[in-house]
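Chains E and L, in that order, give the protein sequences. Just so we're on the same page, this note's numbering is the position in the first sequence counted from 1, plus 2. Just so we're on the same page, this note's numbering is the position in the second sequence counted from 1, plus 8.
Errors might be hidden in some of the hints.
[Unchecked claim] Below, a sample of chain L positions facing chain E; criterion: calculated Cβ distance under 8 Å:
| id | residue |
| --- | --- |
| 1 | Gly50 |
| 2 | Leu51 |
| 3 | Tyr56 |
| 4 | Asn60 |
| 5 | Phe73 |
| 6 | Asn108 |
| 7 | Gln111 |
| 8 | Asp115 |
Since the hints were made in silico from the structure, they are not lab data. Quick caveat, the model's predicted, so the values are computed rather than measured. Quick reminder that beta carbons are idealized off the backbone N, C-alpha and C, glycines included.
Read off the chains here:
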Amino acid sequence: DAKTTQPTSMDCAEGRAANLPCNHSTISGNEYVYWYRQIHSQGPQYIIHGLKNNETNEMASLIITEDRKSSTLILPHATLRDTAVYYCIVRVATGNTGKLIFGQGTTLQVKP
Amino acid sequence: DAGVIQSPRHEVTEMGQEVTLRCKPISGHNSLFWYRQTMMRGLELLIYFNNNVPIDDSGMPEDRFSAKMPNASFSTLKIQPSEPRDSAVYFCASTVGAGNQPQHFGDGTRLSIL
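Extracted from the complex, chain L is given alone in its bound form (with noise of 0.2 Å):
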């Protein structure tokens, strides 16, 4: 079975630049989470979506941060405009239901801001 899939897998761009990270959740999953690591603050969730309605936002650092979710197959990151301290790898996970169900996530974007 195909896991969360992210896209694209590593992104260097310049600063100023608006940047676009992409996620496919596991077919049949309803709940999705966008998480940043970073050397200095680890993992930490940036917002998460339940039948494709955010719930939770509370992590997201500004407003140069937004996230949408147009159907239950699809979710995007965006970052506009883009600063070096962007610069992390950015994780999606997805799980099904609000119960206990752990969540599956992919293997990142490396996001790289000069």
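Isolated chain E (complex conformation) (with noise of 0.2 Å):
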């Protein structure tokens, strides 16, 4: 499975867009980019999933450029609720290759 680079950390202030990037430049064309989120001492949040056009839905909406080598996952209108590690992983899916590979994620801050 493709290699996810993500910033370490970012701010974002309250009710304004959290956009958070990531960049998967040796993806593969059957490779999927998935985001989760972890807030503290909670299990990981699925959030959204894409291949290769953009995706919206009630939480979050994901970019996908054309080349497919970077994403952007974007939170319309972060609340406080919104700080946690946000982690972007690729992954086949296809046949019995379940596995997702956690990377260190991006810890967003969202600040009143």
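These two chains come separately, so use the hints to put the complex back together.
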């Protein structure tokens, strides 16, 4: 599975959009991009995933560049409850290769 | 809908004792994963089951660790004998199928070995 690179930490003002970048320059054509977050002392929470098209759900939007070498997770109106570690993961989604490889993630601090 | 349920939430025991962690996956999910999280190593996969069969146990640290899935609604992770370096948060996750569906995690078991 391709490796990802994320900034170690980011700050965001409450009510503003939080844009979290992720580089995955070695991604293969059959690898999806997944985003999870982990709020202190809780289990990782699934946010969104995509292959090549932009995706949106009730939590966030995922923008994937045309060459698929990077992506951005957008939280449109960040709240204090969005303070967490955000993980960007790429993995093949076929066959019995269910492994998620977590990196160090980005610690997002939402400030009042 | 009930999510992934893990028990106990916290476990404190002495070195050398047997520890059993339990997981109930989301109903209808047929893939189950055990992860371990420490400050030093982050989140790492220990073992993965599909349709109750272990598929990948390459992350199990050593023979002291074993995992079973006797049926679709229950799995255990056992450590015998336990050591202080096993102290960590252990997470269970489940998903449906072997495609691109996301994994859903439980709230974990915080294990402390004294």
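Checked hints:
1. Gly50: holds, 6 Å
2. Leu51: holds, 4 Å
3. Tyr56: This hint holds: L/Tyr56 lies near chain E, its Cβ roughly 5 Å from the closest one there, short of 8 Å.
4. Asn60: Since chain E brings no Cβ nearer than about 13 Å to L/Asn60, farther than 8 Å, the hint is violated.
5. Phe73: Violated: closest Cβ of chain E sits about 17 Å from L/Phe73, beyond 8 Å.
6. Asn108: holds, 3 Å
7. Gln111: holds, 6 Å
8. Asp115: holds, 5 Å
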